[in-house]
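S.K.: Sequence:
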Amino acid sequence: MTEPSSVGAARSTSGRVGTVHSVVLDVPDLTAEADFWTALTDGSVTKADDDWITVVTPDRWGIAFQLAPDLVPPQWPGQEHPQQAHLDLYVPDLAAASTRAVELGATVLREGEQWITLADPAGHPFDVCLDEKADGVSVMGATFDCADASALAQFWSGVMGEPVTYDADGVAMLGGSRPLLFQTVEGYNPPQWPDPAYPQQLHLDIEVPDLDAGEAAVLALGATRLPGQGDDFRVFADPASHPFCLVR
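21 is the number of the first residue of the sequence shown in my numbering; add one for each residue after it.
Heads up, some of the hints might be wrong.
[Said to hold, decoys possible] Calculated cross-link-like contacts (lysine to any residue; reagent style SDA-like; alpha-carbon spacing at most 25 Å): (1) K67 with Q95; (2) K67 with A171; (3) K67 with P229; (4) K153 with L114; (5) K67 with A52; (6) K153 with R130; (7) K153 with T58; (8) K153 with K67.
Treat the hints as calculated values from the structure; they're not laboratory data.
When you get a sec, could you build the whole thing from the sequences and use the hints?
M.R.: The following block contains the structure:
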C-alpha cells in the first residue's frame, strides 16, 4: 500500500457527473463489520436492513456493508485474491490507533513509520496513516489498485469533476472533499463482477441527479455497463474493472 505524500449536457454545470455517496464493502457478517467500523471511526448507523448497513463517520464519509455470505476475502499483498481497493484513515497516534483497531477485531498486516496496514474482521485491508494534527480518526480517502494509476485517475477526475492533484511514481490522487487515490500494482488482477471466482471486494456508490444522464456521462468517459439495476441504481465498471454504482 502507498500513501501519497466530452459529455456535454450529461454533466452538471460544475463538470461533475456525481459525488461519492458511500464506500461499500462486501462482508459475510453485517453486524460484526458494522460494529467494528462504527467503533473505530466513532460513526453512526443511518440505515440497516437484512442485507445492508450504512455507517456515517463524523467527517461525513459513508461506509456501507452489503451481505456477501460466500465472500472470498482478500489475501494482501498477493494478487491471487487481491484487495483491489482499501480505505486510508488519518490518526494522530499510530500505535494507539493500531492497538485500538486490534482490540476491536482487526489484524496487523504490516507496520511502518508513517502508516500501519491492518485487516478488518472480514479481511479487508485498511491503512491508519499518521497525521499528528488529526482530531481522532478521520477518513483520508479510498485507494484503488490498478495497472495504470495515471489513466484511472483521469477517468475518475471526469466522473467527480475534481482535478488530479498528485501523479508520480505510480500513485495518483484526486482532490476535493472525498479524495480518491490510485496506485499502480504489478500483476494487477481485476475483479470480474459478477463472477464469484473473481469477486469484487468493495465498490463506490456515486450519487447522481439523473440516472440516464449519469449513465451517458460515465460511458462516454470509458466505463462499461454491467448487469444489475433497479429503480434507483445502475451498475458499471471503471476502466480498471472496479465495479461502481450510480445511485439516485
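S.K.: Which hint numbers doesn't this structure obey?
M.R.: As far as the earlier hints go, 1, 2 and 8 are violated by this structure, in ascending order.
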